[in-house]
Every structure is written in structure tokens, then in C-alpha cells.
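Engineer: The residues making up each chain are set out below.
Number of protein chains: 2
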Amino acid sequence: MSATPSEPATEEVTACLIVIGNEILSGRTRDANLSYLAKGLNDVGVQLREARVIPDIEKVIVHTVNECRAAFDYVFTTGGIGPTHDDITSASIAKAFGVALRRDPGVVAAFERYYAGERGIELNAARLRMADFPEGAEILNNAITIAPGYRMENVFVFAGVPKIMQAMFDEVKHGLVGGKVILSRTVTGHLSEGAIAADLDRLQALYPDIDIGSYPFFGKGKFGTSIVMRGADATRLEAAAQDVRALMRDQGVAPIDGEPE
Amino acid sequence: MSATPSEPATEEVTACLIVIGNEILSGRTRDANLSYLAKGLNDVGVQLREARVIPDIEKVIVHTVNECRAAFDYVFTTGGIGPTHDDITSASIAKAFGVALRRDPGVVAAFERYYAGERGIELNAARLRMADFPEGAEILNNAITIAPGYRMENVFVFAGVPKIMQAMFDEVKHGLVGGKVILSRTVTGHLSEGAIAADLDRLQALYPDIDIGSYPFFGKGKFGTSIVMRGADATRLEAAAQDVRALMRDQGVAPIDGEPE
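Read top to bottom, the protein sequences are chains F and G. Take the first sequence: its position 140, counted from the start at 1, is 140 in my numbering, and no numbers get skipped. Take the second sequence: its position 228, counted from the start at 1, is 228 in my numbering, and no numbers get skipped.
Keep in mind that a hint or two might mislead.
One copy or any two copies: either way a pair holds, since identical chains are not told apart in the list.
In silico lysine-lysine, DSBU-like type, Cα no more than 35 angstroms apart, as pairs [to be verified]:
hint, residue 1, residue 2
1, K222, K173
2, K39, K59
3, K220, K95
4, K173, K95
5, K220, K163
6, K95, K59
7, K39, K180
8, K59, K173
9, K173, K220
10, K222, K163
11, K180, K220
12, K39, K222
None of these hints come from the bench; they were simulated from the model. All values derive from a computational prediction rather than experimental measurement.
Next up, chain F with everything else stripped away, as it sits in the complex (with noise of 0.2 angstroms):
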């Protein structure tokens, strides 16, 4: 459970998702990183296994950071490494790994250009902690902000904003170990899924290396289930997906393959 990213890609390599920030917790913000974030290290065979969201309040995000980073192989932050004082995340990865916040000269060259020369705007002491890392940091670039992320061992540190997330992620991405990739195959019914329970249970049990899962959905005078399974196989998926279309036509409902338009 606890490789590190340089260690050989094992069968399955776990992720988990933590989301620093009120404004998440308090509605305020809807968040768009969880889904980017899963499909994309499900492309390099990292399953994302849990995400939390938690508050911007140092002890929580220590205690949540060390929790994580021993529980899983990979671990993703976003948000709180802005300039402004309710961004700590920084600070608290530097106390989680019990290390000390170190300023980086690249980092502040960077932005001296970036901001006195290009812009003629004020490297401010507001706008310098963004050049602030914990000790041993790996500075991490990105093609959208010159403030970069990093990782800590196997800590990715990225920002919270959906574009600057998703660069962030994108450049990392390829370099990540992953293990098995996880195909999906979704078949989708106008039927109740209560009426194909016992039949799925039996399917479930017939395909131990395949997830499947049932969802109802609802909604525009439309109902329905969509069945999605999910494994590494592709042979035993189709066969399952065949076995789905079949249980679904013994139940007189024409199976669609794919998610409900």
C-alpha cells in the first residue's frame, strides 16, 4: 500500500484525493478536480481510492496529509498555495513531514521576471510565499501560472482553480507508476434496476474480477439503469457486457450500450 513512486508498478496502485478548502465545505464551491483527477490516473494505472475535503485549519490538514500518505501509494492536494493568509497548505505539508518552509531562489528569479519585468506589477512579500516550499520539494512547472506545485515524497501539492489543477496534473501525469489500467464498459436499460437485482447479483458472482455497478437515473420523463462494469480484462468485460445486454433483453428492454443520452 505504502510504494513509493520509484518502486516497480505493482498490480494496484492506490491514490487519494484530499481538497483543502472552506469554500467547498461551505457550498460555496462546487468541486471539478475529483472526476479530472480519476480519469486521468486511471489512464496511467493509479486507482483513485478515497477523497477527503477538509477545512483550512493546519492540524486538520497535517493529521489528514500523514493519514493519507501512509494509506495509499499516491497522494494529490489542491488548493491553499496562493498568496493570501488563508493559504496554509504549505506550511502544513511542511509540518506534516516535519520539515522547515524554505524560500527557492529559481523560484523568485522566476518570478522577479515574471512579475516586475514582464508586468511591471509588485513581487510583493504576499506574492513571494508562493516561492516558499517545504524542505526537499520537488518544484513542479506548469504551462498555466508561474507559481508552480510540488511533491513531497509521494505528496503532489497542486493549486485548487480547475485550469491551473488539471496543468498541474497534466505534466506529472506520464510520470506516475501505475499498475493495472481499468477498462469500463456501460450498458444502460429503460428499466427498473430493482428487476435485474438478482440476476446481477448472479453476474457478480460469475465475474469476480469484474466491478460491476448498478445506477438508476431519473429525470426529463426518462428512467433507468445503467450498469457499469469495470475491470482489466477486456475479453471478460465484453463477455459481461454481453451477459448484461442478454439479462436486460429477457426483461423486454432493448440494452443501449453507453451512458443514458
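The hints should help you fit chain G onto chain F, whose structure is shown.
Structural biologist: Below, chain G alone, put in the same frame as chain F:
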């Protein structure tokens, strides 16, 4: 921290949301319940302090529920109470509380009327699973579905489908024992947060009773920063908002009340 709902209101009443579902962690489905719950809880003086997204794995559900119900005044779970094999929330909740699952005769009778009676649908074994509750559960009916949610001590167990989850929450919301209601005020300006970070830091020190958050935004050719102030005292909140407007004007920027358009 571990007040039960029947105890008198304290100053701060906390809650945790546990989102149960592989479909969220795979990125297939975006959670839509957190923000609804956060806002609804705040209406009645309960603060959402953490959220966790976990997979449909019994031992993870048991561990997470037990950890969170000890740490927060209220816990809400969403997902996994339907009729299919992957709906394992109720069995897991029973295990977390060390009790058995018990079929409720009143719910069975309601199912018999609804399925077999009104709709002429078979009340099969799968649908009957939705009449199984952990021993001691208080059954919570709702306006949308015949299948109820329930409450075990300080843990509320709801469906994952947003419309159903919201209906279930609306039924219990005004029965929650809350503390202070947190008010919110937002001032937005078309400036970078780095320009006002030092001023905001000073302001936060002047208003320790107000949580001041700074949230930059980008997009559609516009950029700027929203300052969100949260606190229980409307007068203090307005004073802080006045100060934020003033510091934006000092930067030559017209403050806008509310979120960016």
C-alpha cells in the same frame, strides 16, 4: 464534539458527509450532494466540517462511519441503499454499530401496497432488501421514493441519487439541533489576489471572529478575486465587507457585492 442530536444546541455543531460509491471515485459521476447538504445544514446552524468519498467496500465503510460518528455531531451518508448487490451501505452500517439487519414489517407492507398493489410490479427479494435496516434504526420516509432512508443515533443514511437525497434531507433538516448560523458576505473585484493579500492579512487579524477567504477566478477573458467573509454576527460582517470594499478602491478597483457574473 460527539453531542447527540437530542442534546441542547452548543455554539458550534459539526457534521461530516460520507459519499459512498465507486462511481464517484471512478470519475463517472460528479457528486451533487455536498453543496446542497452544506447549504441546508448551515441554514439550521450546523457546519459541514469534512467530507469523504469512499468505495463500496464494507471494511472501508465500517471504519469510516465509526471514525466520523465519534468525531462529528452529525454524519450523513449518501449512496448504496438500493436493491442491487453493490448496495452494501445498510449491512455496513449495521456492522459499524454492532447490530443485526432487520426487515421492517411496516416498510414491507408499504412496499406491498406500492409495488404489487399500485404498480403491478413484482416485490422481489432484491426490492425487499430495501426494507432491511440496522436494528434500532429510525426509519425516515420521504416525498420522492417508497424506499426510506434512516437514522442510527447521529448517523443519517440517505440515497445517492440527488433528488432522493435532497428529499430525504429536507424531511429531517428542521429536526436537527444546530448552533450558530453562519452568515456570508462576498465582495468581488477585478484584481489579482496578490495585490490585496497583505491588506487581507491585516483585516483577518482585525476580525478573528470572521473567516475571510480569498478566491481568484479566471475565464471568459475576465479575472479577479472574490473575498468571502463568513461569521455569525451581521454587524461585524458588514464592517468587514466595508473594509474589503475600501481596500479594493485603494487599488483603483470598483468593488462588486456578490460573486462574479
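Engineer: Take the hints in turn and mark each one as holding or not.
Structural biologist: Hints versus structure:
Taking the shortest alpha-carbon separations for K222 and K173, only the inter-copy value of 29 angstroms comes in at or below 35 angstroms, while the best intra-copy value is 38 angstroms. Proximity of K39 and K59 under a CA criterion of 35 angstroms is satisfied in both settings, with 30 angstroms inside one chain copy and 25 angstroms between copies. Taking identical chains as interchangeable, the C-alpha atoms of K220 and K95 are never at most 35 angstroms apart, the minima being 50 angstroms within one chain and 38 angstroms between chains. When the C-alpha separation of K173 and K95 is checked against a cutoff of 35 angstroms, the pair qualifies only within one copy, where the shortest distance is 26 angstroms, while the shortest distance between copies is 38 angstroms.
Taking the closest pair of Cα atoms, K220 and K163 come within 35 angstroms of each other both inside a single copy (31 angstroms) and across two copies (13 angstroms). Taking identical chains as interchangeable, the C-alpha atoms of K95 and K59 lie at most 35 angstroms apart whether they share a chain (9 angstroms) or sit on different chains (30 angstroms). In the homo-oligomer, the alpha carbons of K39 and K180 lie at most 35 angstroms apart inside one protomer (14 angstroms), although the nearest pairing across protomers, at 39 angstroms, exceeds that limit. In this homomeric assembly, K59 and K173 come within 35 angstroms of each other (Cα to Cα) both inside a single copy, at 29 angstroms, and across copies, at 30 angstroms.
Taking the shortest alpha-carbon separations for K173 and K220, only the inter-copy value of 27 angstroms comes in at or below 35 angstroms, while the best intra-copy value is 38 angstroms. With identical chains, the CA atoms of K222 and K163 are at most 35 angstroms apart both within one copy (34 angstroms) and between copies (14 angstroms). Taking the closest pair of Cα atoms, K180 and K220 never come within 35 angstroms of each other, the shortest separation being 38 angstroms inside a single copy and 39 angstroms across copies. Taking the closest pair of Cα atoms, K39 and K222 come within 35 angstroms of each other both inside a single copy (27 angstroms) and across two copies (29 angstroms).
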